[in-house]
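If you read the sequences in order, they're chains H and S.
The first sequence begins at 1 in the numbering used here and counts up one residue at a time.
The second sequence begins at 1 in the numbering used here and counts up one residue at a time.
Mixed in with the good hints, there may be bad ones.
Just so you know, same-sequence chains aren't split out, so a pair can sit in one copy or run between any two.
[What the hints assert, rightly or not] Within a straight-line C-alpha distance of at most 30 Å, the following computed DSSO-like cross-link-like pairs (lysine-lysine) qualify:
1. K84 with K318
2. K276 with K407
3. K10 with K118
4. K84 with K45
5. K10 with K45
6. K407 with K118
7. K407 with K84
8. K118 with K318
9. K263 with K84
10. K263 with K45
11. K402 with K118
12. K318 with K276
13. K10 with K402
Quick caveat, the hints were computed from the structure, so don't treat them as lab data.
None of the values given here were measured: they were computed from a predicted structure.
Each chain, written out:
2 protein chains.
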Amino acid sequence: MARPLSFEIKARSTTCNARRGVVTTLHGSFNTPAFMPVGTKGTVKGILPALVEATGAEILLNNTYHLLLRPGPELVSQMGGVHKFMNWHRPILTDSGGYQAYSLSETNSIDDDGVTFKSIVDGSTVRLTPERAIEVQNLLGPDIMMALDDCPPSIDPTVERPTQPRLAAAARRDSSLSERSRKKKTYDHVARLDIANERTVRWLERCIRAHRRPDEQSLFGIVQGGTDLQRRSWSAERIGALDCPGFAIGGVAVGESAEDIAKIVRHTAPLLPPDKPRYLMGVGYERDLYEAVRAGVDMFDCVLPTRNGRNANAFTSKGQLRLRNAACTNDPRPIEPGCDCEACRPGPNGHFTRAYLRHLFMADEMLGPILVTIHNLRHFQRFMADLRETIATEQWDVFVAKWPVAKDRAPEA
Amino acid sequence: MARPLSFEIKARSTTCNARRGVVTTLHGSFNTPAFMPVGTKGTVKGILPALVEATGAEILLNNTYHLLLRPGPELVSQMGGVHKFMNWHRPILTDSGGYQAYSLSETNSIDDDGVTFKSIVDGSTVRLTPERAIEVQNLLGPDIMMALDDCPPSIDPTVERPTQPRLAAAARRDSSLSERSRKKKTYDHVARLDIANERTVRWLERCIRAHRRPDEQSLFGIVQGGTDLQRRSWSAERIGALDCPGFAIGGVAVGESAEDIAKIVRHTAPLLPPDKPRYLMGVGYERDLYEAVRAGVDMFDCVLPTRNGRNANAFTSKGQLRLRNAACTNDPRPIEPGCDCEACRPGPNGHFTRAYLRHLFMADEMLGPILVTIHNLRHFQRFMADLRETIATEQWDVFVAKWPVAKDRAPEA
């Protein structure tokens, strides 16, 4: 049986672990390192698929959790699968739904067989097992599916709290739900990491066995292990030994510092099979992407360009620009001079000015989020395209000079 | 001094008063009869200007009231005028701000010099006189400006109430604000209509005198007179005698029946100068447009395609389709088979299905309003294009067979 995914490495850096390649699926190819926009509920919020494509995106991500709850995988399947449903003809990757089940929902239980949670749509009780996660993704029909993993807090929630409220709440829930905590009446974070690590391997084996469309869809395994490099090594070895066409690094960007993210990725990426695509889930800022590409990661997804775009924060090569700021009131410049996105590039009448964009946000007009989302998506695609070029040219200094954000997560441009 | 607007009539029906023409402004031409999408606050809600243009729109309308309050005409002028501000390179028409001052705001007073109202943005007191309405529009810089008119309720609010709450509230306010009501302690609707009629003539004279950019912008006068045909005749004669490059029929679609609209328009349109464009303000449904085109009207604007699109109501040749209906849940068809809009026409992956559109609305996703707005705008442009063709071919029966909505305001497709 022919594999529905192939990965060809076109160039390798000789000064770092970065590589440039092409992944080919039944819905076409995408260049790596690739940034995947997030189309949570089967739509990149506010952006027509043709405009998503025009930003340079060659693959996008949908969230199984959201599509499972509404409209349901059976309906998506009946409508011809997620590509046809959302009218996107290029490759699609779906996550397993596990992460959102932990982080968005009131989780009722995590046990060795799966996770039970309360639907955020109608409050009903939903059960996700490795088999069900695969069944749902077989129905949705993406090119790349993710295995169900157990993703515990990276930080011991009894010692410190993640600063993001959602992650803090998930960590509190996790510590109260862990089986061992119920038995011992205390929470043992190290033991929880080991449970998750071992469980994630067993769940991947079950996912592989449950996969019914291996000639059309590719299932990626996920490495866990928290911020502990020894556990990452153990997980990478066990997960990497299983028969998957690609592997992801999970449990990253769930509350750790940028330094911890870089440390985990630099350690883990080279442990994964060198001839298969490596995907760093949910990451991140340009600095994180830069470090991860140099560590040998090939695929990324993150909500930053879309979520921040809706909040009037525009990414530029020098940092983020807050378009609600009074300084933009009568600023005739585009978000980023020289950017070729729909918002910045000159049309028959010029470009969209910062002044106009600020007006749209102040007047609560949809076109503001739309234009800044388009710009931000293009920003990340331009950043990745330049990274791909730099892997061949090795002019990393030139890259960093052009993209100061690659070295510094400056909050303001 | 050369006039910044010319109107060339290309064809006239021999069986009705309809005519087909081209209006040329400094920002290009548009074909008439024309439908102008409404870009209230300097944006057609949720739609990139290039996509508005792709629906076939050749001119659009902005509301002076909204731009006056935010971001203010001085800022728009500083940014190069409304075309450059909103990045629309074709013709733009602005209304005077008067109608919204009556219908949206808490009106403080209407007197012979102007109207005073409370800003819906910050609660401040705003005064609009004929001179200020023109000053604001001279600053905004549209190709076509509208004179400030006095637009009283078309129905006596002490006898019956308009069914739309907003119009009913405006009528109540008007009856309590009328000068005569203060003196006589009663409201005399007929007297109010006469005051408005006479005042509108005086205000147009003042607008013409106040106009500072007659070589760049064209000022249209507005006929009033309520549902009383004698008063319409009087107004058309007095307004039509003044030196304007075009004329509008105002005070229509403010609570009257479709029959009353048709009656007013059939009576009034032929009374206006035959060689100048005629604009029916704020109208309407396809049946209203059909009747008005046959009566000799050349220009229209209405919020129906955009407002209804945001509410999941799609226009079709047979009536409106409510996309939230359960019947759409697994309906694989486009909104209207054969429609060539961005939502209906087949792309590389097919069209956007009713099932997907329903999902977007149920999930509160922006792309739903966006796609249905685009479809609705295209619907009205296709309707107008077919009307323009029919004026030359005189095949009115063929037109009505293709567009049943032209004869029947069916609420559901």
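Verification of the supplied hints:
no., hint, in the structure
1, K84 with K318, "between (38 Å within a copy, 27 Å between copies)"
2, K276 with K407, "within (28 Å within a copy, 63 Å between copies)"
3, K10 with K118, "neither (45 Å within a copy, 65 Å between copies)"
4, K84 with K45, "both (17 Å within a copy, 27 Å between copies)"
5, K10 with K45, "neither (33 Å within a copy, 44 Å between copies)"
6, K407 with K118, "neither (41 Å within a copy, 51 Å between copies)"
7, K407 with K84, "neither (40 Å within a copy, 36 Å between copies)"
8, K118 with K318, "neither (42 Å within a copy, 42 Å between copies)"
9, K263 with K84, "neither (40 Å within a copy, 48 Å between copies)"
10, K263 with K45, "neither (32 Å within a copy, 45 Å between copies)"
11, K402 with K118, "neither (46 Å within a copy, 50 Å between copies)"
12, K318 with K276, "neither (33 Å within a copy, 54 Å between copies)"
13, K10 with K402, "within (24 Å within a copy, 56 Å between copies)"
Of the numbered hints given earlier, the model fails hints 3, 5, 6, 7, 8, 9, 10, 11 and 12; all others are met.
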